[in-house]
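Colleague: Residue numbers (this note's numbering), protein chains in the order written: chain A, 1 to 349; chain B, 1 to 257; chain C, 1 to 450.
Hint data in this document are derived by calculation from the structure and do not stem from the laboratory. Hints may contain errors.
Among chain A residues calculated to face chain C with C-beta under 7 Å, some are [said to hold, decoys possible]:
| # | residue |
| --- | --- |
| 1 | 31 |
| 2 | 32 |
| 3 | 142 |
| 4 | 143 |
| 5 | 150 |
| 6 | 152 |
| 7 | 163 |
| 8 | 241 |
| 9 | 245 |
| 10 | 277 |
| 11 | 280 |
| 12 | 287 |
Away from chain C, derived, C-beta distances all over 12 Å, residues of chain A [said to hold, decoys possible]:
| # | residue |
| --- | --- |
| 13 | 6 |
| 14 | 8 |
| 15 | 308 |
| 16 | 322 |
Okay, the calculated beta carbon distance ranges per label pair [said to hold, decoys possible]:
| # | chain 1 | residue 1 | chain 2 | residue 2 | range |
| --- | --- | --- | --- | --- | --- |
| 17 | C | 329 | A | 151 | 56 to 62 Å |
| 18 | A | 93 | C | 236 | 58 to 64 Å |
| 19 | A | 309 | B | 148 | 19 to 25 Å |
| 20 | C | 400 | A | 86 | 44 to 50 Å |
| 21 | A | 296 | B | 119 | 42 to 48 Å |
| 22 | A | 83 | C | 437 | 29 to 35 Å |
| 23 | A | 315 | B | 148 | 24 to 30 Å |
| 24 | C | 343 | A | 154 | 55 to 61 Å |
| 25 | B | 121 | A | 309 | 30 to 36 Å |
| 26 | C | 287 | A | 296 | 52 to 58 Å |
Think of the CB as a built atom: it goes at the ideal place given N, C-alpha and C, for glycine as much as any other residue.
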Amino acid sequence: MRLSSPAVRWTARGVLLAALIIYPFVVPQPGFWVVNIGIKSLWLGVMALSLIFLYKFTGLLSLGQLAFWGAAGYTIGYLVQLQGWSFAPAIALGIVFGILLGALVGSFAIRASGVYFLMLTLAVAQLMYFAALQASQFTRGHQGITGIRPPTFLGLDLVSARTQYLVALTIAVLLYVLCRYIEGTPFGLALRGLRDSPERMRALGYNVYAYKVVAFSFAAFIASIGGVLAIFYNRQIVPDGVGLIRTIDVLIAAVVGGVISLPGAFIGAFALTMVQNFSQFFTSRYLTLTGVVFVVVVLFFPQGIAGLWRQFTGYYLWAHDRWRPATRDAVEGKGVGAGAAQLSERSTD
Amino acid sequence: MTDSGNGQAQALRVQGLSRRFGGIRAVSDVDLDVEHGDRVSVIGPNGAGKSTLFNLIAGLYKPTGGTVELFGEDITRLPSRKRAQRGLTRTFQTSKLFLDLTVADNLYLSLAAPPRSVNPLRSVLRDAERSARVRELAEQVGLAGQTETPASELSHGEQRQLEVGMALGGDPKLLLLDEPAAGFSPSERAHLVDMLTNLAPSITLLLIEHDMDIALVIGDRIVVMHEGKKLMEGTPDDIRQSTEVHEIYLGKRHEDT
Amino acid sequence: MTALSRASGWRKNWMLLAMFGVLSLIATACGVEDDVAVDEVDDDIVDEPADEPEEEPEVDEDVDEPAEPADDAIVIGHVNALEGPFAAGAEDGSRAVELALQEFDSEINGRPIEVIVESSDTTPDTAVERARKLVEQDGVDIVYGPLSGSEGVAISQYAAGVPDVTFVDASSGGAETTLEGPDNYFRFTAAGDQQGGNFGTYAYEELGIERVAIVAEDYAFPHALAGSFITQFCEAGGEVTEAFWVPLGESDYSSVIASMPTDVDAIYGGIGGSDAVNFLQQSIEFGLEIPLIGGSILVDETVLAAEGADLRDAVEDIVAAAPVFADEDNAEWVDFEERYHAEFPDGFETPSLFAALYYNSFKSLLHALEEVGGDLDDGHEGLRNALSTVAWDTPIGPIDGVDENNQGAVSNFIFQVVEGDDGELTTELLRRDDGIEQHPEPFERLDGCP
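Generate coordinates for the entire structure from the input sequences, incorporating the hints supplied.
Modeller: Put into C-alpha cells, the structure is as follows:
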C-alpha cells in the first residue's frame, strides 16, 4: 500500500487526532504541558495558519496578522473587563471587529506586493502596538487589560487547562478543516489562481482585487479567533502582545513549519513553543536561538518541517538519477534545480 | 448586457488605436473591423505591434488614443475582466497558467469565471456539470489524459494547448489567440489547425501567428502589421502575392532560417 | 516563467526575510524603555554597547542543570528579562544574585540552593509563561523575579493561582503587583510611587518651590511617580498649575512647551532621561528656561552627558529623587561595590540600578530562608512569616519587613546634578529618607492637586 494512499492518510489523521485528544490526560505536569505547550501551540498555530492561508492562497506574506489578533483581543478585554459585558457578545463583536479591520487594511494593503506588502502589514502591526500603548482609555495603555478570567461556555469551564485545551483544539481543527475545504472550492481555486497569474485571472473575468480583499479578511478572521484563544491563555491583553517580538514569533512559526503547508502552521507553532520553553538548556538568550533556528530553516529548509520529507525525497531522487546515466538525459530536460523548485512550491500534505 | 450576438453590430471595431511606450509608438492609429464569425489573422515581423494591439483590445494596456468597440459597445475604458465578462477571451503569448493547479483546475477556473454564477464555497468535486465540461475541453485541446497533471509539469506544447483550452472555457464570442502554435511540433500544429477549423462558426476569431501556414490557412482575412501600423489587409491570396509583405516579413523570415 | 526562475525569486525573498528577522531581533534589543526606574548611577543599563555584558564570563547560576537538583535542594526559579531592552540590566541583576548566593555558600542549613533561570523579554505574556514553566515543569519551590512593572503585575496575578509557591519580586515597580497581589507574593524593592520618596514635600519645604507644572509620560509608572509627588506637594501647600501627559517615547514637545505656563517655579519631569534632554533642548530653543526637577527616571546617563553650554546649565540644576544611589559614604554600599568589582571585574563601572535592587530582594529571600533553616515543609508558612519580618541593612538603606500587602518599605535618595572635579556632570546626595512605604491606593493619572 502506498504511503500516500487515502486509507493510510485517513488512518494517520485519525491516530493523530486521537493522540491530540488524549494528550492532556496522559502528559505529566499538565499545568505545563497542556498550557505552556498545548494551548500555546494551538493559538500560535492558528495565527500561523492565518499567515499561511494568505501566503499559500494569494502569495501575500503578511506580518500584520497580530493586528487583528489584537483588535479582537482588545475589543473583548475592553468590553468584558472595563465595560462589564459578558463574554459571548464581546467575543462575537471582537471577531467582527477583527474582520472589519482586516477588510479595511486589506483594501489598501493588497495593492502592494512583495516586500512592500510585507512592510505595509508590518507597519499595521506596529500601528496597532502604538495604538494599544496610547489609547489608554480603551486599552489601559502600557499596562494592558489584565486579570481576565476565562468564562464558562455551555458548561465548559475555560479556567480548566484541559477544557481550554480541548476547546482550542476543536477550534484549531475546525479552522484547519475549513482552510482545507476552501482549497477545493471555486473560491480557493480562484485564490490560488490569482497567486499564480493575476493577469490570467483578469483575462478570465475575475475581480482579482475583490478576491484578495476577501482572502485577507478571511485571514483576519482566523487571526481574530487566534486572539480569542490567546486572551484565554494569557488572561490579559497588553501592547507587547502585538509588539515586534510576537509578530516575529508568528512569522517564525509559519516559516519553520513550512509556509506553504497548512499543517505546517501547527507543526511550526509547536516547534517554536518547544524551543522557547526548553531553550534555557542551551542558552538564556532564547530570542537569539529562535533567530538562529529561523535563519537556518530559511537557508537550508525553505519548505520548513512540513516539507522535510519532500525535500529529502527530492534529494534522493536527484542523487538516484545522477548516478544512473541511463536516465540522465531525461532529467536533463527539466533540470534538477527546476525539479527542486517545483517541490518547494508545492504544498505538502 | 448589450446587443452582443444579435448580428447587428460588428464583433470588434477598432478605430485609431494607438499606444506609446515612452518614445516608442508600439501601435499607431490602427483601424480594424471584425464581423461576426470572421476568422482574422494578424501577421507581421517581431516588434510589429501585434501583441500590443491584442493587449489593447483585451484591456491589459490602456490605449493612448483611439477606441475599441465590442459588439457595438465602447469598451475602451473597461478593465480586462469586464471585457472577459462580455465574451472576449484570450491566450497569452507566453503562457500564463496556474502552474500549481492541475489541468482540470485550470480549465475549471475558466468555466467558473463571472458573470456565471458559481457558488464559491461549494466543493469543486461536487460540480458535476462543470467537471463534465472540463473533460470535454481537455479532450478538445488534446489534454484528455492529463487532467490531473499540474500545469507546471506539462510540456511547452501542452501548456499552449491548455492556454487555448482556457480561452475556450470562457465561452468566447470573440477569441483572441496570441501565437498559439509557438514552439509546437508539426503534429501539434496539425492538431491545432484541425481544432481551429472546427471551431463553432459563432465564435469570432482573431489570431496572431508567426507561422504562415497556420495564419493563412485559418484566416479568411489577413491583417499585416509593420512598425506599429496596419500595413495592409486582404485575403490570404492577396497576402501571398504581395511583394511588400514578402519584403518586410516573409523575406526577413527566410533570412532567419 | 519557468519553475527555475521562480525558485530563485523565492530564494531571494527568503534571504530578505532572513535579514529582516535578524535585524528585528537586533532592533528589539534596543527597544523602548520599560517602566523600571533608571537612575543616575546606572550609567550603562540600557545603552550599554552590547559587547560588554555579552563577553562577560557567564554568571554561573546553575543555569544548565535543572534536571537533576539534589534531593534536598531548595529550588528557586528565576524569571529574568535577559532578552529585550533591559537585557544588560537583567544580566547585571544576575551578578548581584550570584553575589548574594556566595555569601550563603549557595546553601541554607546544609540544603543546597539551586537556581533555574528562565529568560523573559520584559513582556508580561512571556513572563507568565516562564513562571508557569518553572512552577509546573521544573517544580520550583520559589519563583524569583521579574524585572519590569507589567511583568510583575502579570506574575502576581498568576501567583494567585499557585498558592503553594512563594514569589519574591526582583525589581518590578507596578503598584497593583502588591496592592492587588496575593499573600504569596513579596516585594522588597520600590513600587512606582515609593520611588518618588518624600520628594513632593522636599520640593516645597526645602527647595522653596511653590508652583509647578508636570510633564510626564502617560502610563502607569509615571502616573504613580508623579502622583506621589503631586499629592505630597499639594498637601505641603504647593500648587500644580497644569499637567501634561505625553506618550511614551515622545520626541516633539513643542506643543507642550508652547502652552507651558511661565509663572511656575519649576517643571516636574516624569519622563525618561533622553526625553528630558529633548524637552530641555526644545525649551531652551523656545526661550523657556524654567528649572527642571523630577522623578527617578529623569536623570540618567544621557542627562549627565548633556553637551552645549545652555543645556548643561539647565541640566546642572536638576534635583531628583531615586530609590538607588551610589552612596560612597555608606559602608554597606562601599562593601557591595567592592565585592561586585572583585567578583565581576568586567561588570559595570558602578553596579547598576538592577544590581542593587536584585541584591536587596534576593538577599532578603535568602535571609528569610536562613531564618527557617531552609524548611519549606510547612507549606511555606514559616518562610512567609520570615519574609514578612526580614530586616537587614542593605547597600541602599535598611529593609525592615513588609506591610499588609507584602510590600517592603524602601529608602529614597534626593540628589542634585552637579559638576564634578573632572568637569563632568555628576550627582550629589542631598538627603536620604528611610522607611518610604507604598501608597495604599494605585495612583490614577492626576491632572492637578487632588
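Colleague: How about residue 142(A): closest beta carbon in chain C under 7 Å, or not?
Modeller: Where the cut-off is 7 Å and the nearest Cβ of chain C is about 4 Å from residue 142(A), the hint holds.
Colleague: With chain C as the partner, please determine if residue 143(A) meets the hint condition of a C-beta pair closer than 7 Å.
Modeller: holds (5 Å)
Colleague: For the hint 44 to 50 Å, verify it against the beta carbon of residue 400(C) and that of residue 86(A).
Modeller: holds (46 Å)
Colleague: Quick check on a hinted range of 58 to 64 Å for residue 93(A) and residue 236(C), using CB atoms only.
Modeller: violated (48 Å)
Colleague: Quick check on a hinted range of 19 to 25 Å for residue 309(A) and residue 148(B), using CB atoms only.
Modeller: This hint holds: roughly 21 Å between Cβ atoms.
Colleague: Quick check: does the Cβ-Cβ distance between residue 343(C) and residue 154(A) fall within 55 to 61 Å?
Modeller: The hint (55 to 61 Å, Cβ to Cβ) holds, given that residue 343(C) and residue 154(A) are roughly 58 Å apart.
Colleague: With a cut-off of 7 Å, does the beta carbon of residue 277(A) approach a beta carbon of chain C closely enough for the hint to hold?
Modeller: Residue 277(A) check passes; min Cβ-Cβ to chain C is 6 Å, inside 7 Å.
Colleague: Holds or violated: is the Cβ of residue 152(A) closer than 7 Å to a Cβ in chain C?
Modeller: violated (16 Å)
Colleague: Do the beta carbons of residue 296(A) and residue 119(B) sit within 42 to 48 Å of each other?
Modeller: holds (44 Å)
Colleague: Within 52 to 58 Å or not, the Cβ separation of residue 287(C) and residue 296(A)?
Modeller: This hint holds: roughly 57 Å between Cβ atoms.
Colleague: A cut-off of 12 Å on Cβ-Cβ distance, and residue 308(A) was said to be off the interface with chain C. Does that hold?
Modeller: Correct as stated: the minimum Cβ-Cβ distance to chain C is 16 Å, above 12 Å.
Colleague: Does the hinted range 29 to 35 Å hold for residue 83(A) and residue 437(C) at CB?
Modeller: holds (34 Å)
Consistency note: the structure conflicts with the earlier hints numbered 5, 6, 7 and 18.
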